[in-house]
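S.K.: Chain residues, written in single-letter form:
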Amino acid sequence: MQAWLIIAYGLLIVAGVALLVFAFRTGDRRYLYLAVLLFVVFPVVIVLKFPTEISPETQLLYDAVEKLPDSSNVLLTFDYYASTLAETEPMSRATLRHLFRKDCRVLTMTTIPLGGPSIAERVTREIAAEMGKVYGVDYVNLGYKANYVAVLKGMGSSIEAIYPTDNSGTPLAKLPMMSRIKNYADISFIIAIADNDIVSYWISIVRAQYGTPVGTGVTAVSAPQYYAYVGAGQLTGMLGGMKGAAEYEALVGHPDRATKGMTAQSLVHLFIIFSVVAGNVIFLIQKRRAGAGGQA
Amino acid sequence: MSAIEIFQIWIAAFFTLALFSFLYRDNPCYRLAEHVFAGLSAGYEVGLIWNSVIIQQMIDPMFTGGEWWLVFPGLLGVLMFARFTRDYHWVSRIPLAFVMGTTAGIFLLSELHGKVLPQVQSTMRSVNPSEGIGGVVLSLLIIVGVISTLIYFYFSKEHKGVLGGVAKLGIWFIMVSFGAHFGYTVMARISLLIGRVQFLIYDWGDTFTRIFS
Amino acid sequence: MKTTVPVIIAFLAGLVMVLAFFFDPEKSFVGRLEPEVLRWVTIVGGFTLLLGVVSIIRVNYGGVHRRSSGWGYKLATVVSVFAMAIPAMLPTRMSPLFGNGPGSIYDWLFNNIDAPMMSTMFAMLAFYIASAAFRAFRARSPEATLLLVTAVLVMLWRVPMGEAMLKGIHHSLPEYINTYIMGGANLAVQRGIIIGAALGAAAMSLRIMLGIERTYMGN
Amino acid sequence: MTFAKFVFWLLVCTWLVPASVFGDTIVPVVDSTSPNRFQDTSSGSVTAGAGAASEVSPGGGNIPAFRTQRINALVLVLVFSILVLVYTRWAKKGKNLFIRKINGLDAIEEAVGRATEMGKPVLFIPGIQELDNIQTIAGISILGRVARITARYETPLRVPVPYPMVLAAGQEVVEQAYIAEGKAEVYNKDIVRYVAGEQFAFTATVNGMMIRERPATNIYMGAFFAESLLLAETGNAAGSIQIAGTAEAAQLPFFIAACDYTLMGEELYAASAYLSREPLLLGGLKGQDWVKILLVIAMIIGVTLVSLGWGDWYLSLFESV
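From first to last, the protein sequence lines are chains A, B, C and D.
Letter 93 of the first sequence, counting from 1, is numbered 93 in my numbering, and no numbers are missing.
Letter 173 of the second sequence, counting from 1, is numbered 173 in my numbering, and no numbers are missing.
Letter 20 of the third sequence, counting from 1, is numbered 20 in my numbering, and no numbers are missing.
Letter 137 of the fourth sequence, counting from 1, is numbered 137 in my numbering, and no numbers are missing.
The following block holds chain A by itself, in its conformation from the complex (with noise of 0.2 Å):
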């Protein structure tokens, strides 16, 4: 690590920690919000790269893409909102450019009415343009359709009388790849990225139903209860939240914005910690002075 780094971080935790005393000084709570600021903005700005250990739900993900014949037909899906973009963009970005770079022909598709549509269409053309690749022939964005229930079981038979044209309006018949793409028969994968409960619907009605294996990325908060599927091999891999996303990207080679957040996170994280221990062993002091004052 550079000298520099050394410093600017060493100055940045005299910072926070200056800030608590003010904060705790004065009652005045918007040092306390400064120094949130500051432990997220600093880490995005000047990055410093915490080497990352890989956990098996992600390397079970990675393997299986890997693993997938060149130029398999893959469905990712953008079931997310706009609000928890900071954790599962970064997973659309790193599973695109990894299925982009084994040549997979991309079909994209979500369940969220506002702002999904136009989210996949940002994500898939920018690492689109990035890697060269062009629309209909090695991408198609399916877009938005009401009902999940019933798309996500019609797909199963036809996707295209769940969809008649795509995202733009521009009948799939008049897009070479869906030529080869009619149900869920010709796509090898499913990778459904997600910050809901859709991800149990991928799993029980195209999983357990059609038999496409499905691999998922969903945020830190819902992780937990995905474990048992990925235990239980009905979900081929699972990225957790933004670590997860990192992850990814240091597996594809391709560090991005989760890795740049993780030192962010971590670092906002650890300062709520040593805040709320700080702040009890002042005011444990405090107390034990009260009281010896008191009794004497």
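Mixed in with the good hints there might be a few duds.
Claimed, not checked - Which bits of chain B does chain C cover? Going by a derived footprint, with three or more residues having C-beta under 8 Å, they are:
#1 135 to 144
#2 170 to 184
Stated by the list, open to error - SDA-like mimics (lysine to any residue), calculated; alpha carbons at most 25 Å apart, straight line:
#3 C:LYS2 / B:TRP90
#4 A:LYS145 / C:ASN112
#5 A:LYS145 / B:THR64
#6 B:LYS160 / D:ILE99
#7 D:LYS189 / C:VAL64
#8 D:LYS189 / B:PHE84
#9 D:LYS120 / D:ARG158
#10 C:LYS2 / B:TYR88
#11 D:LYS189 / D:ARG212
#12 D:LYS189 / C:PHE82
#13 D:LYS93 / C:THR4
#14 B:LYS160 / D:TYR261
#15 B:LYS160 / D:LYS95
#16 B:LYS168 / C:SER141
Bear in mind the hints are in silico, worked out from the structure with no lab data behind them.
Quick caveat: nothing in here was measured; it's all calculated off a predicted structure.
Virtual Cβ for every residue (Gly too), placed ideally from N, Cα, C.
Add chains B, C and D to chain A, keeping to what the hints say.
M.R.: Here is chains B, C and D on its own, set in the frame of chain A:
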């Protein structure tokens, strides 16, 4: 990046910063953002209800589906406006009673059947030593936790004696649970903030380089 | 009349829902009635929205009209309501900018102004959760200490560095936290609260259906 | 309605009437796997829904289309209703029913009093859900009680609501409370006002209100989600006394951290009865407590049977499909 995209990012960045500024203190930027936000979301609600309820669930089925009886819920809705009259004010209670009664009917069973039965069922865990020490401890923790929490909420007696003891145990369990839940949520909230900061630094920041180059 | 009619209506509406629960949704009359009643509720709610619009316009336009303090902000609210609502209510066939599909004004305003503001408000929780933790987690009493200790343990467990630290104390401490705190005590309390609240909600429902609780009529 | 009448009607309606009138066996069996149906089930378990649909037909005996596998829910509802109504009836007869003190609720009157002294408003938020959530209805009932107190002292009251039907119900409740206290002239239509239908827009507006008007007391009663802490922390920063109540277990830790008093889970539903001091309403709480005791006994029996390895039949009694 086109001019319109830059404009979109600037709009989003302005409102993002305006809302964040509330953390320092109330100010005209926050007030403007707050009022625009309130107006847009009320308008959003109108657009949503108009298209997905009035058009899709009432007008379309009535005129193209022949479901003429949908005029009745429409009339029921109109009764809501009786509150603006002096003598027939009470009539507006009819649609309210209809909605409340329906809610009550749904919840009476969904709560007892959908929550009480399965939660009670999954609390009946084996404490047989064959489950292993870890299994027995976990089962006991859950059984005692559920029962003492329920007892904590018991209204019919003063919390004294044995009841008081169990209720006290209940409050300890509750505190452990709340601490755990709070601690567990912190990380998710931080990542939300990181998302906004990354937007400001990467996306908004990027527009500066585009503008000046 | 003024209270009897609403009470009877509430009872009948609730009864349909209770009966529908026990009968087959397709093979019985009440079963088929249920989705219809739910649609009615949605439509009544749709009409009531006009009351909401009247309320928000009256509160804000009143201020603009009187030029009371901050009337400019109130004008911003009124303008925003109309800017979002009117294009959304016009049919798409007149112009692709109308309606609520992709490319409409409604969609643009939502994606570029509403959505970023929602995410920002949500993100502000990071600051609030930090200050709430700092202020509330103090070892003031045995109960508060319990809250504090579990919160700190769980927070440590959630970050890689903290997890390593816990592993240093005892190699399976993180696993114990997951099993006995999250899956044990936490689960048990959530369950206890859910069961109790469900009983409370059911009793409340019963009181409303039977007209015992009729606060909404001013009794 | 008396208890006997209720049971009579419940029996008539759940068994006899549908059996003879509504239950028609003529309608052919519709494809029970149509996906739309699963959307409505709150259980979230798709496979359970499918199983339930296919199991129906012949088991119902002479009552066509009755879902026999839900008979346990019927028993629970009957036992529950009977206990609640027996106590309601006793209460009506004037039997003295003891209910323990609930701290948060005793604090309400005091907190309104403080607002009166300071000449500042009371802010009441009946949750952020529509009237189709029972917690909102509980919130509205509590609002009725609180409005009586504010009317009595002529303390200004602010009730921002996020949905139109809550607006209608809230206005009705508050207006009636002011009339009942003989303070109709103090009532103003804008006490209860509609504010933005979206969770965070609502929060932004209410937060602005808290900082600008500095209400002396904030009362949150109903269904709250992620905005719970945004509201409660801002209220705390503005120096208001805060009393919260919700049945959303996930939000309780945040209210506990930032409010002075918090009603947890069922205390929210008990609040309106408690505040009204009406024996009729208090009776219900007693019945509810009895069901709680029965459930605890049922659980202990279950644990014993399961541990001895004889529990399968017993567990199946609690199966919810």
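S.K.: Next step is simple, just say for each hint if it's right about the structure.
M.R.: Taking the hints in turn, this is what the structure says about them:
1. 135 to 144: Holds: 6 residues of the stretch 135 to 144 of chain B have a Cβ under 8 Å from chain C.
2. 170 to 184: Three-residue rule met by the stretch 170 to 184 of chain B, so holds; n is 15.
3. C:LYS2 / B:TRP90: With Cα atoms ~6 Å apart, LYS2 (chain C) and TRP90 (chain B) stay inside 25 Å; holds.
4. A:LYS145 / C:ASN112: holds (22 Å)
5. A:LYS145 / B:THR64: holds (22 Å)
6. B:LYS160 / D:ILE99: holds (14 Å)
7. D:LYS189 / C:VAL64: With Cα atoms ~18 Å apart, LYS189 (chain D) and VAL64 (chain C) stay inside 25 Å; holds.
8. D:LYS189 / B:PHE84: At roughly 11 Å apart (the allowed maximum being 25 Å), PHE84 (chain B) and LYS189 (chain D) satisfy the hint.
9. D:LYS120 / D:ARG158: holds (11 Å)
10. C:LYS2 / B:TYR88: Between LYS2 (chain C) and TYR88 (chain B) the Cα gap is close to 9 Å, so the pair holds against 25 Å.
11. D:LYS189 / D:ARG212: Given pair LYS189 (chain D), ARG212 (chain D) holds - Cα atoms ~21 Å apart, limit 25 Å.
12. D:LYS189 / C:PHE82: holds (23 Å)
13. D:LYS93 / C:THR4: Satisfied, since the Cα-Cα distance of roughly 22 Å is no more than 25 Å.
14. B:LYS160 / D:TYR261: holds (21 Å)
15. B:LYS160 / D:LYS95: Judged against 25 Å, a Cα distance of about 23 Å means the pair holds.
16. B:LYS168 / C:SER141: holds (13 Å)
Checked against the numbered hints given earlier, the structure satisfies every one of them.
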